[in-house]
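K.L.:
Take a look at the letters that make up each chain.
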Amino acid sequence: MTLTTHDASAPAGAEGPRTGVDIVGLRKRFRAPDGTVVAAVDDVTLHLPKGDFCVLLGPSGCGKTTLLRCLAGLEHPDEGRITIDGVPVFGPGLRTVEPQDRPVGMVFQSYALWPNMTVADNVAFPLTTGPRRERMPKEQIRARVEEVLKIMGLSSHGSRAIGQLSGGQQQRVALARAIVAGTDVVLFDEPLSNIDAKVREILRRELRAMQQDLGFTAVYVTHDQAEAMELADQITVMRSGRVMQNGSARDIYERPRNRYVAEFIGTANLLPVTSDGGDARLVHTAVGPVRVAGPAPEGPAGAARVVASRAHRWWIDTAERPGENAWPGEVAAAVFAGSHTEYVVRIGETSVRVWAADDPELVPGRKVWVGVDPAACVVVLDHD
Amino acid sequence: MTDTLQRPPASPAAPPRPRRRLSTFTLVSWAAAAVVVFFVVYPVGRAFVGELGRELPAILDVLAGAKTLEVIRNAVVAVAAGGGLAFLVGAVLAWINVRTDARMGWAAEALPLMPLFVPAIAGSIGWVFLASPKAGYLNHALRQVLALFGVQADSGPLDIFTWPGLVFVYALYLTPYAYLAISSGLQSLDPALEEAARVSGCGPARTLFRVTLPNLKPAMGAAVLQLITIGFALFSVPVVIGTSARIEVLPVSIVHAVTRQYPPDLVTALSMSLVLIVTVVVAWSVERRVMARGRFARIGGRGARAALVTLGRWKLPARLLVLGYLGATSVLPFLALLLVSFQGFWTPQVDLGALTTDNYVDLWGRLAVRRGITNSLLLALLTATITTLLSALLAYLSYRRRSVAGRLVDGVIKIPAAISHIVVGIAFLVAFAGPPFGWNGTLLLLVSAYVVIFLPQGSFYANSAIQQIGPEMREAAEVSGARDWRIFLRVVLPLMAPSLVAGWSLLFILSAGEINASAMLAGPGSPVVGQAILDLWTAGTFPLLAALSVVITVVSTAVVLTVLALGGRPNSGGAP
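Protein sequence lines, in the order shown, are assigned to chains A and Y.
Just so we're aligned, residue 1 is where the first sequence starts under this note's numbering, counting upward by one.
Just so we're aligned, residue 385 is where the second sequence starts under this note's numbering, counting upward by one.
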């Protein structure tokens, strides 16, 4: 697992040919109907390593889809540089490479399978687009399409019409079309967002297995953090066109850089830091001193910080359990969620959420003790 | 690892090839756009700026003349009464067919097309055959019924050659335009809006007045606009019925100024055409004002069908109304034409033994008529095909690149919708009939005028088709490595096809029976059916014109039904 935000800031190509996708200082602005200018992609620098499953994650409107469309060539950025598998496709002084000529495949949100063609015709299409004399012979195209359909488990479906396929089969056809030309980078624009939750889980696993078998670089846009966690080698969390954090699922979950990332992924308790304690692993908050796993990530001097901890790393007890990182409180609400119960506990003026096994004694108003493992407490920046 | 995918030998997505800045596709489509802009802007500019601009004082003389004011007043009355009636009938029919259980699937589809199968000029004459005071078939039948009650008369009770008769036929031929606009508005109105009103405690009537109708304002505005634009330029109905009723209406005066005088009185015709243009421009700007003020539901959720209103014992009357309309616009006039076409002369005393096919034989013997039929069919074929392909190309062009130029082309295409057929006809006459073009009496003049006239309709079908496709279909082809021609021919055009076929059929029927522009542009060198019917009408050769009307109706209906049956099927992907 590579965390590569730092080295991507070096100019692409400066250290010899790089593989994967390199994005440097990319900006794309839109003019809204009311005349205001919105930066959909705002100074994004990012390296997506070859063969990795890279997820662009963020709420709707964060610019992740615009970034993906810039990679495909469907949007033209205002400034910056894009290099795909060592080939510069966008940059200053460079004629922008049109989508037709970029070494990428793409799976669209609606799949965009052409209903006027059969499954096999859809998959064969990318092989039949170049000038006639450069195309492979018909026989070879047919063999290639059969090969790809076989991998996708669609061998017997080649002559079917698109309308006759299930949602899952359509996704596999769309993926087949995206990889048939042998491109190493496949872009995914929220391909699972229109599918039932149960089917979505199955397709997700299928997609991940397929990507690992075939070894292409996947760039996958989603707003669903569970989907991102399950699929990704590398997650890029975006907000308002900017990269908030880039790293493995574990990095993002356990060591969020700032409050936004901590809140966007999973359920976090956030306690604002009022002052530093004696050493790097002790800070003061509204509920008193909190022992934490390590120092805050680097940020501007005097930047506001908060202590972030996951709700399931907290404990709750009816017995008195004073000690480090433990506080007396009162249950304010209990919400049964099946696998666990979420207890909202008031510690003075502060509320924390605790995920614990269901306990019928813990009714609202009940005096309790709550606490959290110091190893689960990280200090993060309050603002990006 | 299971199957490992090997790289194909020749990777089409290898390093980018250098690419010319202007592809042939871009060049061809911009050339097409330029030609269209030329054929729209040049004739109108030459006629109204070049020709009429030099005659400013004469314009005032014409416009202030007593006769001009009279024909304008007549046009206003005919359009207000006929259009108002058409609006009411069209709205009721649309509501019945879209929102009630009296809907009949095929009738909803056929209703807007049915009146077009019989060319309007022939249909108007059909109504003369039905309801002229002495010899009308309907009058004859009614008199026989009345005779049973002891009422004797030798004329009436109906008289088509009166104001009510004229207004009635105006309404018949304007209703489809109101119907189309309002029914498409109703169809795209999200049923949930009405359901929300019902759940909030509104009864069906309150829902209709408080939710449905207010949200239909844009559709109703569009309907009124269409009625005004088409109604003021309607030529076929007033030339047949108005002339006999001694009610002269504006478009008839314009055409007669050109065709009944030698040399043609262009100044009078152009000055009167200005009235048509001003009327439409005023109507458009009023509509825009009204529409800009309110907020309306625009596009609704597809798929969910509204629960149909149960009409109960009103279901049968509602259905009879729909069938009655279809009968009045096409079935009855066509039957009247059919009957006259087999008679030696037009008479309400039908003697089955005396029916004859002589008229058809006679028709075939007349060279000019025969050439008219072949010309009209050829023109219809060319016009429908050129217009459809052109509008598909332009729709794709302006949709693919949301540029200023694209919007400009889009706007120019819509100009002919605002200036009526009559105006296009006279503008083409001024611009192309004489030097330097000298196209007078050629099919080229007619075909170019027809294409310009029908471009707005063609574009309407092409734009709605391309909007249904959605951008991802095209983007997927781009990412797959396809270039302009291939994207257009393999992906966009096939997906547009069903809609384009429907548009082609409409354009075919409309061009086959075109009379508004043809009345001025079709000379002896290029006879067309509409003009031939009008000539035979003026000469009083009724059985022959009936036979001609029957022939053109049957042939163009057959062509359109065949095309729709072959090409209108939904895409199945070819296999299995």
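Simulated from the structure, these hints should not be mistaken for lab results.
Be a bit skeptical, because a hint or two may be false.
Counterexamples of contact, computed for chain Y against chain A with all Cβ distances above 10 Å [stated by the list, open to error]: (1) Gln528; (2) Val651; (3) Val665; (4) Met857.
Chain A is faced by these chain Y residues, among others (derived, beta-carbon under 8 Å) [what the hints assert, rightly or not]: (5) Val863; (6) Gly865; (7) Arg870.
Label-pair restraints from in silico Cβ distances [claimed, not checked]: (8) Y:Ser572 - A:Ser159: 52 to 62 Å; (9) A:Gly61 - Y:Arg672: 51 to 61 Å; (10) A:Thr96 - Y:Leu873: 40 to 50 Å; (11) A:Thr267 - Y:Glu579: 30 to 40 Å; (12) Y:Leu828 - A:Ala143: 44 to 54 Å; (13) A:Glu134 - Y:Gly854: 29 to 39 Å; (14) A:Arg242 - Y:Arg672: 53 to 63 Å; (15) A:Gln164 - Y:Arg697: 40 to 50 Å; (16) A:Asp224 - Y:Leu704: 49 to 59 Å; (17) A:Arg133 - Y:Glu579: 14 to 24 Å; (18) A:Thr19 - Y:Arg672: 54 to 64 Å; (19) A:Glu134 - Y:Ser572: 24 to 34 Å; (20) Y:Met488 - A:Gln164: 26 to 36 Å.
For every residue, glycine included, the Cβ atom is placed at its ideal position computed from N, Cα and C.
K.L.:
If a hint holds in the structure, say so; if it doesn't, say that too.
P.N.:
Do the hints match the structure? See the list:
Distance to chain A confirms glutamine 528 of chain Y as a non-interface residue, since its nearest Cβ pair spans about 58 Å, more than 10 Å. In this structure valine 651 of chain Y is separated from chain A by more than 10 Å, as the shortest Cβ-Cβ distance comes to about 46 Å. The beta carbon of valine 665 of chain Y sits about 27 Å from the closest Cβ of chain A, which is more than 10 Å, so the claim that it is off the interface holds. Here methionine 857 of chain Y does not stay apart from chain A, with its beta-carbon only about 5 Å from theirs, under the 10 Å limit.
With 8 Å as the threshold, the beta carbon of valine 863 of chain Y comes within range of chain A, its nearest partner Cβ sitting at about 4 Å, so the hint holds. Checking glycine 865 of chain Y against chain A by beta carbon gives a least distance of about 4 Å; that is within 8 Å, so the hint holds. Checking arginine 870 of chain Y against chain A by beta carbon gives a least distance of about 6 Å; that is within 8 Å, so the hint holds. Between serine 572 of chain Y and serine 159 of chain A the beta carbons are some 36 Å apart, a value that contradicts the proposed interval 52 to 62 Å.
For the pair glycine 61 of chain A and arginine 672 of chain Y, the beta carbons lie near 32 Å from each other, so the given range of 51 to 61 Å is not met. Look at threonine 96 of chain A against leucine 873 of chain Y: about 25 Å separates their beta carbons, and that is not inside 40 to 50 Å. At roughly 37 Å, the beta-carbon separation of threonine 267 of chain A and glutamate 579 of chain Y lies within the given 30 to 40 Å, and the hint holds. In this structure the supplied range 44 to 54 Å holds for leucine 828 of chain Y paired with alanine 143 of chain A, their Cβ-Cβ distance being about 52 Å.
As the Cβ distance of glutamate 134 of chain A to glycine 854 of chain Y is approximately 30 Å, the hint placing it in 29 to 39 Å holds. Look at arginine 242 of chain A against arginine 672 of chain Y: about 41 Å separates their beta carbons, and that is not inside 53 to 63 Å. Between glutamine 164 of chain A and arginine 697 of chain Y the Cβ separation comes to about 44 Å, which falls inside the hinted range of 40 to 50 Å. With their beta carbons about 56 Å apart, aspartate 224 of chain A and leucine 704 of chain Y fall inside the hinted range of 49 to 59 Å.
Restraint check, arginine 133 of chain A to glutamate 579 of chain Y: a C-beta distance of roughly 60 Å breaks the suggested window 14 to 24 Å. At about 56 Å, the CB distance of threonine 19 of chain A to arginine 672 of chain Y agrees with the hint of 54 to 64 Å. The beta-carbon spacing between glutamate 134 of chain A and serine 572 of chain Y, approximately 46 Å, falls outside the hinted interval of 24 to 34 Å. Taken as a hint, the range 26 to 36 Å holds for the pair methionine 488 of chain Y and glutamine 164 of chain A, whose Cβ atoms sit roughly 31 Å apart.
Checked against the numbered hints listed earlier, the structure breaks hints 4, 8, 9, 10, 14, 17, 19; every other hint is satisfied.
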